[in-house]
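Order-wise, the sequence lines are chains A and B.
Following this note's numbering from start to finish, the first sequence increments by one per residue and tops out at 397.
Following this note's numbering from start to finish, the second sequence increments by one per residue and tops out at 266.
By construction, these hints were calculated from the structure, which means they are not laboratory data.
None of these values were measured; they are calculated from a predicted model.
Take these hints with a grain of salt, some might be off.
Keeping only pairs whose Cα atoms sit at most 27 angstroms apart, straight-line, the calculated BS3-like set for lysine-lysine is [as the list claims (entries may be wrong)]:
(1) A/Lys377 with A/Lys297
(2) A/Lys160 with B/Lys237
(3) B/Lys195 with B/Lys84
(4) A/Lys245 with A/Lys82
(5) B/Lys59 with A/Lys271
(6) A/Lys160 with B/Lys64
(7) A/Lys320 with A/Lys304
(8) B/Lys84 with A/Lys160
(9) A/Lys320 with A/Lys199
(10) A/Lys255 with A/Lys232
(11) B/Lys59 with A/Lys160
(12) A/Lys254 with A/Lys271
(13) B/Lys146 with A/Lys127
(14) A/Lys274 with B/Lys237
(15) B/Lys153 with A/Lys173
(16) A/Lys260 with A/Lys245
Partial list, derived from the structure: chain A residues whose beta carbon lies under 7 angstroms from chain B [said to hold, decoys possible]:
(17) Asn69
(18) Gly70
(19) Ser96
(20) Glu100
(21) Pro142
(22) Pro144
(23) Asp225
(24) Ile246
(25) Glu248
Backbone N, C-alpha and C define an ideal beta-carbon position, used for all residues, glycine too.
Chain residues, written in single-letter form:
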Amino acid sequence: MYNYRLKTLTPIHIGNGNKLSNNFDYFIKGTQINVISFDRYISNLSEDEISKLESYIETLEKGNSIFDLIRKPKYEEIKYSVILNTQTPNPKVREIAEHIKTVLNEKGEYGAYIPGSTVKGFIRLAIFYKILKENADLVNCDEDIKRTEDRILSVELQKQTLKLMTYFKVADSEPISTKNLEVRNVIITNNKISEFAEVIKKDTEIKISIEDKEFQEKLGKLGLKSKYLETIKNWKEACYEFSKSIIEYEKEFFKKKGLVKLQNFYKDLEDKNSPKAPLLRIGKYKGKISQTLVLLYEANKEKYGCLFEDKKGKNNKNINPLTKTRRITEDSLPLGWVKLEELN
Amino acid sequence: MSKALKGIIKIECKIRVLTGLHIGGSKENVEIGGIDNIVIKVPVLKLDEAIERDVPYIPGSSIKGKMRALLEWVEKPEGSMQVIALENKGEPCNCGRCRVCKLFGAHKNAKTEEPVRLRVEDFYPTEKTIDMWKKFLDGDFVEVKVENTIDRIKGTALHPRHQERVIPFSEFTGFIKIRVHEGDRKELFDTIIRGIQLLEDDYLGGSGSRGYGKVKFIKEKILWTDYRKQPFEEKTVDENEIANIYGA
Ligand SMILES: [Zn+2]
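With the hints as constraints, model all of the structure from the sequences given.
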């Protein structure tokens, strides 16, 4: 059922909205972070330990771990383990942003995955970017970006509004073993703020299914009269171009900052991007740059600038879409880059 | 004039969930910060040894509806060169004579007295699946997926959407029933098999275009009850025998 492969070129973090806390979610032993099933732990506690827990609840709030206060978790209470990959000596890991997971196998082991919606989100944005870049006349200064996107990516068919991307389906990736995860310290350039996050390691391969043939077939059968149909059909090329622009922009950014390692990283990334197997940037920490159409803004503020006006604000105040910082790993890698390759 | 019923073919199926499945339930009682999108559940499910409450299931109507929608992209109404979906401007077929109408019923049409051939029963989780849920989900039956809506301009996450999903490797069992009437041909059965294949290539449940609900149908056995014989007797048949049931 899978017809594509995603290869991670840098760590990827896709959050499930949950933050693991050192109070009762995990127990660190050396470089190993053992994530605990709180339910299983509690149900295994003796009556003594439970009353101990009750009296300790107050101190817990100060960041102490119940595994230090009550007892260490047993092997069968561990949900899964991940390695803490950090260069910080004696790191204080109070919280970890959790990567999205589901069940890996019938034994009920946990597996990490990449949601289809995440991949589709990038593809959709790439298509929109390419259309808008090639057709500046599509900008209507009364609309914000969202409405512009909705307008461009839909057609009228027999008095119905048909959203073109509805037929483009991306399923969730296969779940992969938590062995492919690690915890990284994500830092902000020119700032000391950092955050620990579970990430899919660099150089991991994950299969995913993209329903593109049916999409092409339906668009063909419907005989749609959207002049952007070709761009949509050649979505891989759109991804390639969008990524190419992001890479160029990021390379320049790090060059100006004098961050040579990151500049070189992006130089190498340029060669890995191709119209047949494009690079995508997904997940958290990818920064504003790829989520928005900042590249258009940069290219031509006169033409595209009004898309970035705050339509709800009273004074039509412009939002400056440019950012001065980036999220990177401690060893100077950006996050979120994957290569999409068709299988056989 | 209705044609005589020869009998009923029952396909006992297992539906195996390959990627997280979401089939929407009631949206009542949604509180702020609660789950926006809950999975449809049956209040009480009786199993061999136990009773479980609020158990996710797959309504037969969801399967049937999706199968019809997919078949209308490949089946043609009688006397037409175009597939139904295009011929009917997105409306379900109501010709009353094509395979889709015979199986699923003509849409909003009283002109025909063709009996509806297809019935899809609700699919319920197996005991093994319920055990897996309990173990994996710490006593719950569904996992909650959080989706962040991204503000395209500011690049920040807006209010996250919470969605319940049935986890992969879950299995549901149920029956697909096909009435066989005098004069029916095996192509009706084949159309159902085609519909199952299309469903496997597509998605079940909501949010398909965002990537949920890849499923696999596993045909466990096919049963045939001949209504012309007294007493009625249900027997297991091979897929090759279907042609004999319909007759030449
Ligand atoms: Zn019809």
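Verification of the supplied hints:
Of the pairs offered as hints, the one joining lysine 377 of chain A and lysine 297 of chain A holds, with about 20 angstroms between alpha carbons and a cut-off of 27 angstroms not exceeded. Taking the CA atoms of lysine 160 of chain A and lysine 237 of chain B, the gap is near 23 angstroms; set against the 27 angstroms cutoff, the hint holds. Our distance criterion of 27 angstroms between C-alpha atoms is met by lysine 195 of chain B and lysine 84 of chain B, whose separation comes to about 16 angstroms. Proximity of lysine 245 of chain A to lysine 82 of chain A is assessed by CA-CA distance (about 26 angstroms); at most 27 angstroms being required, the pair is judged to hold.
Taking the CA atoms of lysine 59 of chain B and lysine 271 of chain A, the gap is near 33 angstroms; set against the 27 angstroms cutoff, the hint is violated. Among the hinted pairs, lysine 160 of chain A with lysine 64 of chain B is consistent with the structure: their alpha-carbon atoms are about 24 angstroms apart, no more than 27 angstroms. Only pairs whose Cα atoms come within 27 angstroms are accepted, and lysine 320 of chain A paired with lysine 304 of chain A is accepted, the gap being roughly 7 angstroms. Note on lysine 84 of chain B and lysine 160 of chain A: the hinted pairing is violated, with a Cα-Cα distance of about 31 angstroms set against a maximum of 27 angstroms.
The suggested pairing of lysine 320 of chain A with lysine 199 of chain A is violated, with an alpha-carbon distance near 32 angstroms, which exceeds 27 angstroms. Restraint check for lysine 255 of chain A and lysine 232 of chain A: the C-alpha separation of about 12 angstroms stays at or below 27 angstroms, so the hint holds. Annotation: proposed proximity of lysine 59 of chain B to lysine 160 of chain A holds, straight-line Cα distance about 24 angstroms (limit 27 angstroms). Between lysine 254 of chain A and lysine 271 of chain A the CA atoms are separated by roughly 37 angstroms; this puts the pair beyond 27 angstroms, and the hint is violated.
In summary, the hint linking lysine 146 of chain B to lysine 127 of chain A is supported, as the alpha carbons are separated by about 26 angstroms, within the 27 angstroms threshold. Distance hint between lysine 274 of chain A and lysine 237 of chain B is unfulfilled; the C-alpha atoms sit about 32 angstroms from each other, more than 27 angstroms. For a cut-off of 27 angstroms, the pair hint linking lysine 153 of chain B to lysine 173 of chain A is broken: about 32 angstroms separates their Cα positions. As the CA atoms of lysine 260 of chain A and lysine 245 of chain A are separated by approximately 36 angstroms, the hinted pair breaks the 27 angstroms bound.
Nearest Cβ of chain B to the Cβ of asparagine 69 of chain A: about 5 angstroms, under the 7 angstroms cut. The hint holds. Of the supplied interface hints, the one on glycine 70 of chain A holds, with its beta-carbon coming within about 3 angstroms of a beta-carbon of chain B, less than 7 angstroms. Of the supplied interface hints, the one on serine 96 of chain A is violated, with its beta-carbon coming no nearer than about 10 angstroms to a beta-carbon of chain B, more than 7 angstroms. Proximity of glutamate 100 of chain A to chain B is violated relative to the hint, the smallest CB-CB distance being about 21 angstroms (cut-off 7 angstroms).
Hint on proline 142 of chain A is violated. Least Cβ distance to chain B is approximately 32 angstroms, over the 7 angstroms limit. With a least beta-carbon distance of about 26 angstroms to chain B, the hint placing proline 144 of chain A at the interface is violated under the 7 angstroms criterion. Because the closest C-beta pair between aspartate 225 of chain A and chain B is about 4 angstroms apart, less than 7 angstroms, the hint holds. Evaluation of the isoleucine 246 of chain A hint against chain B yields a violated restraint, the C-beta minimum of about 16 angstroms exceeding 7 angstroms.
With 7 angstroms as the threshold, the beta carbon of glutamate 248 of chain A stays out of range of chain B, its nearest partner Cβ sitting at about 14 angstroms, so the hint is violated.
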